[in-house]
Amino acid sequence: MYFLSIDWWLILEKALLIFGIVGLSFFIAMYTTYAERKVAAWLQDRRGPNRAGPFGIFQPLADGGKLFFKEEIIPLASNKALFILGPALAMITALLTSTVIPWAAPFHTKSGGVIPMQVADVDMGILLVFGIVSVGVYGIMIGGWASNNKFSLMAAIRGASQMVSYELPMGLALIAVLFMTGSLKMSVIVQHQIEHGWNIMYQLLGFIIFFVCALAECNRTPFDLPEAENELNFGYHQEYSSMKLGFYLFAEYINMFISSAVMATVYFGGYDIPFVNEASWGLSSFWMTFISFSVLMAKTCFFLFVFLWIRWTIPRFRYDQLMNLGWKKLIPLALLNMIITAAVMLWLKK
Amino acid sequence: MSVRLTNRSVEVNRKPMTFLESIYLWNILKGMGITISHLFKKKATINYPEQKRSFSKVFRGLHVLNRDAEGRENCTACGLCAVACPAEAITMEAAERLPGEEHLYREEKYAAKYEINMLRCIFCGLCEEACPKDAIYLSQTFAPANYGRKGFIYKKEDLLIPHPVNEKEAYEKALGNKAAKNSYTKTNNSPFGDRVWE
Numbered sequence: 054m055y056f057l058s059i060d061w062w063l064i065l066e067k068a069l070l071i072f073g074i075v076g077l078s079f080f081i082a083m084y085t086t087y088a089e090r091k092v093a094a095w096l097q098d099r100r101g102p103n104r105a106g107p108f109g110i111f112q113p114l115a116d117g118g119k120l121f122f123k124e125e126i127i128p129l130a131s132n133k134a135l136f137i138l139g140p141a142l143a144m145i146t147a148l149l150t151s152t153v154i155p156w157a158a159p160f161h162t163k164s165g166g167v168i169p170m171q172v173a174d175v176d177m178g179i180l181l182v183f184g185i186v187s188v189g190v191y192g193i194m195i196g197g198w199a200s201n202n203k204f205s206l207m208a209a210i211r212g213a214s215q216m217v218s219y220e221l222p223m224g225l226a227l228i229a230v231l232f233m234t235g236s237l238k239m240s241v242i243v244q245h246q247i248e249h250g251w252n253i254m255y256q257l258l259g260f261i262i263f264f265v266c267a268l269a270e271c272n273r274t275p276f277d278l279p280e281a282e283n284e285l286n287f288g289y290h291q292e293y294s295s296m297k298l299g300f301y302l303f304a305e306y307i308n309m310f311i312s313s314a315v316m317a318t319v320y321f322g323g324y325d326i327p328f329v330n331e332a333s334w335g336l337s338s339f340w341m342t343f344i345s346f347s348v349l350m351a352k353t354c355f356f357l358f359v360f361l362w363i364r365w366t367i368p369r370f371r372y373d374q375l376m377n378l379g380w381k382k383l384i385p386l387a388l389l390n391m392i393i394t395a396a397v398m399l400w401l402k403k
Numbered sequence: 068m069s070v071r072l073t074n075r076s077v078e079v080n081r082k083p084m085t086f087l088e089s090i091y092l093w094n095i096l097k098g099m100g101i102t103i104s105h106l107f108k109k110k111a112t113i114n115y116p117e118q119k120r121s122f123s124k125v126f127r128g129l130h131v132l133n134r135d136a137e138g139r140e141n142c143t144a145c146g147l148c149a150v151a152c153p154a155e156a157i158t159m160e161a162a163e164r165l166p167g168e169e170h171l172y173r174e175e176k177y178a179a180k181y182e183i184n185m186l187r188c189i190f191c192g193l194c195e196e197a198c199p200k201d202a203i204y205l206s207q208t209f210a211p212a213n214y215g216r217k218g219f220i221y222k223k224e225d226l227l228i229p230h231p232v233n234e235k236e237a238y239e240k241a242l243g244n245k246a247a248k249n250s251y252t253k254t255n256n257s258p259f260g261d262r263v264w265e
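Chains A and B supply the protein sequences, listed in that same order.
Sequence positions in the first sequence follow our numbering and run 54 to 403.
Sequence positions in the second sequence follow our numbering and run 68 to 265.
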């Protein structure tokens, strides 16, 4: 009778949520590639892709279809198992990070049940994101190593050192937030912000540090040294073709989406609607969930736009500049931010 | 000290950056302000196949062999264009007009074969200047792409203007370019004419 004791509704509910979120991640990543090209064009006084469908909205389908039909080449001297593992790992870690993000206000059923719009509200919440993101570096390292190509290896080393260096200030910036919320749980962080105001009001410096580190973690310009086109020939995915290359590129966009969602959740109130008390509207639970989800998506899309905007503004950092910025500037700043926050918290508690 | 050529030159600032400068934040924000302003600027490009920029009125494009008002070919195969051509792109063979062909050729001699190699041609327009019979002029279209080299050797059939009586519409369309071109010398002295950018 074991099967009967399993809560099948819970499994169904979570399965639906997981499929929904993975589908959403893919959809957003797809259209971020389109947005990237459009935004690039607009910022450079061009028009951007506008041939496939109205305003070119089928462009990502065309790009994806092209990647599928490309010839798949695995270099003879490569380590085949690792060569295939690299993009797979990059993709898996990119998708995994979305588990702990609360996507919308919890849904209250008529029978009094509560369905959280979050795959897993684990106690370590944000730490889980950090853990998975640091595994993500293996996607780049393994891919670069297995390609058996000096440029790819250089890129892999760069990517690894960059991601390790920037995780430190990122974590230090986050600790200041955790001082305030007192919990690692994402749902608690959001709830705290709904009650006490968004974290960005108290943690502006922390947010800037977090944002810079998020750029570095996603390997986005100005920190795209692992795939530096002009000196490393696209770096770690130089030997990749067809959908394996597609996985690497796609994983980058999914990472962007997730880190935008994390930033919106941790610093910008998550699914909270600003300036209004939505509880007084008396809307049904379905609409509340829907509206709060749209609000989170709007915030996320704004950050995605900032990612693109920065890409088409700033040239790539030199490697020594990157390391200087990470170790000599961001870590001291993050430590300062942490100490000031701690001191203020202590002073307020007294 | 080097001699200053103008008073516009500025000494390069080699002072080490302060801490605030070295986190680049302010300069990056300034740069982002510049890029976002371009979002609202007029686009410099056009939707090409739907919209086209007009050529300058002195544009020299594909050659056209002219006919007179009754549809007779002007060319007398004198060979002056071939001689004038610096790229040696033009070849022709002359023939004598037979009785009964007066409606086809304006004078007693005509070009039985007239070829221009568009891969050699440099579109200088010297053939047009050399022609005493107003038989050849450069239009405002350019040679379309082709799969083979042979396709770029344009025969007389490819070059002749449509018949003004039998194919009136096509003739007027082809003439449109020439009419515009001639008006340049009379009315508009700018070599770029009313060039349209959008």
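No wet-lab data here; the hints were simulated from the structure.
Some hints could be false.
[Claimed, not checked] Chain B stretches covered by chain A per the calculated footprint, using a threshold of three residues with CB under 8 Å from any CB of chain A: (1) 93–107; (2) 156–164; (3) 216–228.
[Claimed, not checked] In the DSS-like style, the derived pairs of lysine-lysine whose C-alpha atoms are separated by at most 27 Å in a straight line are: (4) B/Lys176 with B/Lys82; (5) B/Lys223 with A/Lys382; (6) A/Lys238 with A/Lys119; (7) A/Lys381 with B/Lys82; (8) B/Lys200 with B/Lys223; (9) B/Lys180 with A/Lys382; (10) B/Lys180 with B/Lys223; (11) A/Lys123 with A/Lys238; (12) B/Lys235 with B/Lys222; (13) A/Lys381 with B/Lys235; (14) A/Lys238 with A/Lys133.
Note that the structure is predicted; figures quoted are calculated from it, not measured.
A virtual CB, placed ideally from N, CA and C, is assigned to each residue, including glycine.
Consistency of the hints with the structure:
no., hint, verdict
1, 93–107, "holds (count 8)"
2, 156–164, "violated (count 0)"
3, 216–228, "violated (count 0)"
4, B/Lys176 with B/Lys82, "violated (82 Å)"
5, B/Lys223 with A/Lys382, "violated (74 Å)"
6, A/Lys238 with A/Lys119, "violated (41 Å)"
7, A/Lys381 with B/Lys82, "holds (19 Å)"
8, B/Lys200 with B/Lys223, "holds (17 Å)"
9, B/Lys180 with A/Lys382, "violated (78 Å)"
10, B/Lys180 with B/Lys223, "holds (6 Å)"
11, A/Lys123 with A/Lys238, "violated (43 Å)"
12, B/Lys235 with B/Lys222, "holds (22 Å)"
13, A/Lys381 with B/Lys235, "violated (79 Å)"
14, A/Lys238 with A/Lys133, "violated (40 Å)"
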